[in-house]
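Novice: These protein sequences, in sequence, are chains A and B.
Going by the working numbering, the residue at position 253 of the first sequence is 253; the numbering climbs one at a time, nothing skipped.
Going by the working numbering, the residue at position 140 of the second sequence is 140; the numbering climbs one at a time, nothing skipped.
It is possible that part of the hints are untrue.
Where chains are identical, the list cannot tell them apart; a pair therefore holds if satisfied intra-copy or between any two copies.
Below, simulated EDC-like cross-link-like pairs (lysine to aspartate or glutamate); rule was C-alpha separation at most 20 Å, straight line [unchecked claim]:
| id | residue 1 | residue 2 |
| --- | --- | --- |
| 1 | K270 | D313 |
| 2 | K295 | D64 |
| 3 | K270 | E113 |
| 4 | K295 | D122 |
None of these hints come from the bench; they were simulated from the model.
Protein chains: 2
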Amino acid sequence: MAVTPDDIRDAARRLSGHAVRTPLLESPRLNAQAGGRLLVKAECLQKTGSFKFRGAYNTLSSMDPDVRARGILTYSSGNHAQGVALAARMFGVPATIIMPSDAPDLKKRNTAEYGAELVLYDRFGESREALGERLIDERGLTLVKPYDQPSVIAGQGTAGIEIIEQCGETDASPDLLACPAGGGGLVTGVSLVMKEAFPDIAIHPAEPAGFDDWGRSLAAGARQSVDPDARSICDAILTPTPGEIPFAIGQRTLSSGVSVTDDEALAAMKTAFLELKLVAEPGGAVALAAFLSGKLPLEGRTAVAVVSGGNVDPAVFRQALAT
Amino acid sequence: MAVTPDDIRDAARRLSGHAVRTPLLESPRLNAQAGGRLLVKAECLQKTGSFKFRGAYNTLSSMDPDVRARGILTYSSGNHAQGVALAARMFGVPATIIMPSDAPDLKKRNTAEYGAELVLYDRFGESREALGERLIDERGLTLVKPYDQPSVIAGQGTAGIEIIEQCGETDASPDLLACPAGGGGLVTGVSLVMKEAFPDIAIHPAEPAGFDDWGRSLAAGARQSVDPDARSICDAILTPTPGEIPFAIGQRTLSSGVSVTDDEALAAMKTAFLELKLVAEPGGAVALAAFLSGKLPLEGRTAVAVVSGGNVDPAVFRQALAT
Numbered sequence: 001m002a003v004t005p006d007d008i009r010d011a012a013r014r015l016s017g018h019a020v021r022t023p024l025l026e027s028p029r030l031n032a033q034a035g036g037r038l039l040v041k042a043e044c045l046q047k048t049g050s051f052k053f054r055g056a057y058n059t060l061s062s063m064d065p066d067v068r069a070r071g072i073l074t075y076s077s078g079n080h081a082q083g084v085a086l087a088a089r090m091f092g093v094p095a096t097i098i099m100p101s102d103a104p105d106l107k108k109r110n111t112a113e114y115g116a117e118l119v120l121y122d123r124f125g126e127s128r129e130a131l132g133e134r135l136i137d138e139r140g141l142t143l144v145k146p147y148d149q150p151s152v153i154a155g156q157g158t159a160g161i162e163i164i165e166q167c168g169e170t171d172a173s174p175d176l177l178a179c180p181a182g183g184g185g186l187v188t189g190v191s192l193v194m195k196e197a198f199p200d201i202a203i204h205p206a207e208p209a210g211f212d213d214w215g216r217s218l219a220a221g222a223r224q225s226v227d228p229d230a231r232s233i234c235d236a237i238l239t240p241t242p243g244e245i246p247f248a249i250g251q252r253t254l255s256s257g258v259s260v261t262d263d264e265a266l267a268a269m270k271t272a273f274l275e276l277k278l279v280a281e282p283g284g285a286v287a288l289a290a291f292l293s294g295k296l297p298l299e300g301r302t303a304v305a306v307v308s309g310g311n312v313d314p315a316v317f318r319q320a321l322a323t
Numbered sequence: 001m002a003v004t005p006d007d008i009r010d011a012a013r014r015l016s017g018h019a020v021r022t023p024l025l026e027s028p029r030l031n032a033q034a035g036g037r038l039l040v041k042a043e044c045l046q047k048t049g050s051f052k053f054r055g056a057y058n059t060l061s062s063m064d065p066d067v068r069a070r071g072i073l074t075y076s077s078g079n080h081a082q083g084v085a086l087a088a089r090m091f092g093v094p095a096t097i098i099m100p101s102d103a104p105d106l107k108k109r110n111t112a113e114y115g116a117e118l119v120l121y122d123r124f125g126e127s128r129e130a131l132g133e134r135l136i137d138e139r140g141l142t143l144v145k146p147y148d149q150p151s152v153i154a155g156q157g158t159a160g161i162e163i164i165e166q167c168g169e170t171d172a173s174p175d176l177l178a179c180p181a182g183g184g185g186l187v188t189g190v191s192l193v194m195k196e197a198f199p200d201i202a203i204h205p206a207e208p209a210g211f212d213d214w215g216r217s218l219a220a221g222a223r224q225s226v227d228p229d230a231r232s233i234c235d236a237i238l239t240p241t242p243g244e245i246p247f248a249i250g251q252r253t254l255s256s257g258v259s260v261t262d263d264e265a266l267a268a269m270k271t272a273f274l275e276l277k278l279v280a281e282p283g284g285a286v287a288l289a290a291f292l293s294g295k296l297p298l299e300g301r302t303a304v305a306v307v308s309g310g311n312v313d314p315a316v317f318r319q320a321l322a323t
C-alpha cells in the first residue's frame with residue numbers, strides 16, 4: 001500500500017495543534033426520527049472550510065525545508081487551493097495557484113486572501129499542465145496534488161483518527177460510514193484507519209448522481225469514467241474518475257458506492273442547518289444525504305457521515321433553505 | 001457569591017460525555033481582516049442548538065433522584081424549553097413545558113419531539129405562573145428556571161471552562177470576551193471562571209439595541225428595565241431586565257455592555273456562514289457582531305466571541321444571507 005495507517009498516525013501528530021479537531025456531532029431528534037444513531041463528522045469546520053487543509057498541511061510539513069522554502073504549486077479553483085494557500089502561509093513559503101481565468105471572483109478572492117499568488121490561464125487556449133511545468137522549472141516549485149499523492153491521502157485520513165477517538169468518547173461502535181468521494185483521498189485515507197479500528201465496518205463512497213465513478217469502478221474492479229455531459233451542483237467532487245492511488249486502496253477497503261441527486265443533497269444541507277447548525281456545501285453533504293434519503297438504512301444501526309466541506313455561495317444555500 | 005468557580009468545575013464533571021465540547025474556532029481570513037485574533041466559541045453546536053442544555057442538564061444531574069423522578073417544569077417557548085426537554089429525556093424523567101398557545105408551531109414541535117409534555121396557555125387570559133404552580137403542586141414537579149438559579153448558571157458557565165482549556169491548546173491569552181446576555185446566566189457563569197484564569201480580561205455582555213438592560217444596569221449599579229415598546233429580531237435574548245443572581249455576579253465580574261442593531265446581528269450571521277460555516281441565530285450572533293462592527297476593537301488584541309445559539313428559522317437566515 002502506498003499509504004499505511006502508520007503514515008496517517010504520523011500525519012495526525014504533525015497536524016496536532018494546527019488543524020481543527022472537528023467535532024463528531026449528533027442530533028437526538030434526527031436519531032429518534034431515524035431509529036438509529038447518526039454521527040456527523042463536521043469537517044466543514046476545518047480551517048479553510050474543508051478537509052483539504054489536512055492533506056496540504058501534512059504534505060508541507062513532511063517536505064524537506066529547503067525544497068519547501070522555494071514554494072509550492074497546485075491546480076485548483078476550489079477547496080484544495082484554499083487548503084494549500086493557508087498551509088503555505090503557515091509555513092511562510094510562497095504558494096502559486098493555477099486557476100482558470102473565468103473562475104468565480106469569490107473563489108479567486110478567497111484564495112488570494114490567504115496570500116497565494118494566482119496565475120490565471122485561459123481554459124480554452126492554454127494547457128494548465130504546460131503552464132504549471134514551466135513555473136515548476138523556473139521557480140523550483142513543488143506540486144501538491146489534490147488527492148493522488150500519499151502525503152495528501154495520509155493527511156486527509158487524519159479525520160478518521162479523530163472519528164475513532166470520538167467514537168470512543170461517546171461509546172459508539174459504528175456499523176457503517178459514508179464519505180463524499182471525488183478523487184477519493186478522504187474516503188480512502190479515512191477507510192485505512194477505520195477498518196483497522198472497526199474491522200467489520202462498511203465504508204461507502206458517496207457521490208452525486210451521474211458522477212458515480214467510484215461506485216461503478218468498485219463494481220467493475222477497474223477505474224471507470226463519468227459521462228462528460230453529466231452535470232451536478234456538487235462542484236467540490238465532480239472528478240471524472242477515481243484517483244489512481246486512492247482506487248488501489250479503495251479496492252481493498254471500500255464497500256459499494258452510493259449516489260444521491262442534487263435535490264437530496266440540498267435537502268441534506270437544510271437538515272444540517274436545522275438539526276446540526278452546520279453549513280454544508282452540496283458536495284460536502286452527499287454522504288449525509290445518503291442516510292437521510294434512506295439509501296443507506298439507519299434503522300437499528302450506528303453510522304458515521306462525513307460532511308467534508310462548507311464552501312457554498314449564499315445563493316445556493318438560500319435555494320437549499322427554500323426547499 | 002451564589003455561584004463559585006468550584007460549582008462550575010463540578011458542573012463540568014457532571015456534563016462530561018453528555019454535553020458537546022463545542023469547538024473554539026477561528027478564521028485566518030477574519031483575523032487578517034481584523035488585524036487581531038478572534039476566537040469563536042461555537043455553542044450553537046451544543047445539543048438542542050444552544051447553551052441552554054448545559055444549565056438544564058447540570059440542574060437535573062444535581063437533583064435528588066427521587067425528586068427528579070417526579071418530573072420537572074419550565075416556562076419557555078424557546079431554547080431553554082428544548083434544553084430542559086432533552087435533559088429530562090436523558091434522565092428518563094417527565095418534562096412539562098408551559099408555552100403560550102400562539103407560540104410558533106415549529107417551536108412547539110421541536111420541543112415535543114424531545115418527549116416533553118406541552119401545556120399551552122392563553123397569554124391574554126391566563127397567568128402562566130398560576131398554571132405552573134398548580135401543576136407543581138398537583139404533580140410534585142420541580143421548576144427549572146432559565147437563568148435565575150445557581151445550578152443553571154453553574155451549568156452554563158461550563159462553556160467557560162472549555163474556553164480556558166481551548167485557549168491553552170492554541171496558545172491564546174484573551175484580552176477580552178463578549179457574550180450574548182439575556183437573563184445573563186451564560187455571560188456571568190463564563191465570567192466567573194474566565195476572570196479566575198485571566199484576571200485582566202474584560203468581559204462584555206452583548207445585547208440588541210433597545211434591549212441594553214445589562215449595559216444600563218451595570219452603568220447604574222442597579223437593575224434597569226427595557227422600554228416595553230422595544231423590538232428586535234434577536235428573540236432568544238429579549239429579557240426585560242438582568243436576572244437577580246446573574247446581576248449580583250456581573251457587578252463584580254463584567255465590564256461595560258455593548259449593543260448592536262438587528263442589521264449588525266444579521267451581518268454577523270452572514271460572516272459566521274461564510275467564514276466559520278456556523279449557523280448562528282440573531283440573538284446568538286450579537287457578541288460576534290460587536291467585534292465585526294468595530295464596536296469592540298480587535299486590532300492587536302485577542303478576543304473571544306461566544307455564539308450562544310443557532311435556532312433560527314430558514315426565512316430569517318435567508319434574509320441574513322441576502323444582505
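Novice: If a hint holds in the structure, say so; if it does not, say that too.
Specialist: Verification of the supplied hints:
no.: 1; hint: K270 x D313; verdict: both (14 Å within a copy, 11 Å between copies)
no.: 2; hint: K295 x D64; verdict: neither (45 Å within a copy, 45 Å between copies)
no.: 3; hint: K270 x E113; verdict: between (29 Å within a copy, 18 Å between copies)
no.: 4; hint: K295 x D122; verdict: neither (40 Å within a copy, 44 Å between copies)
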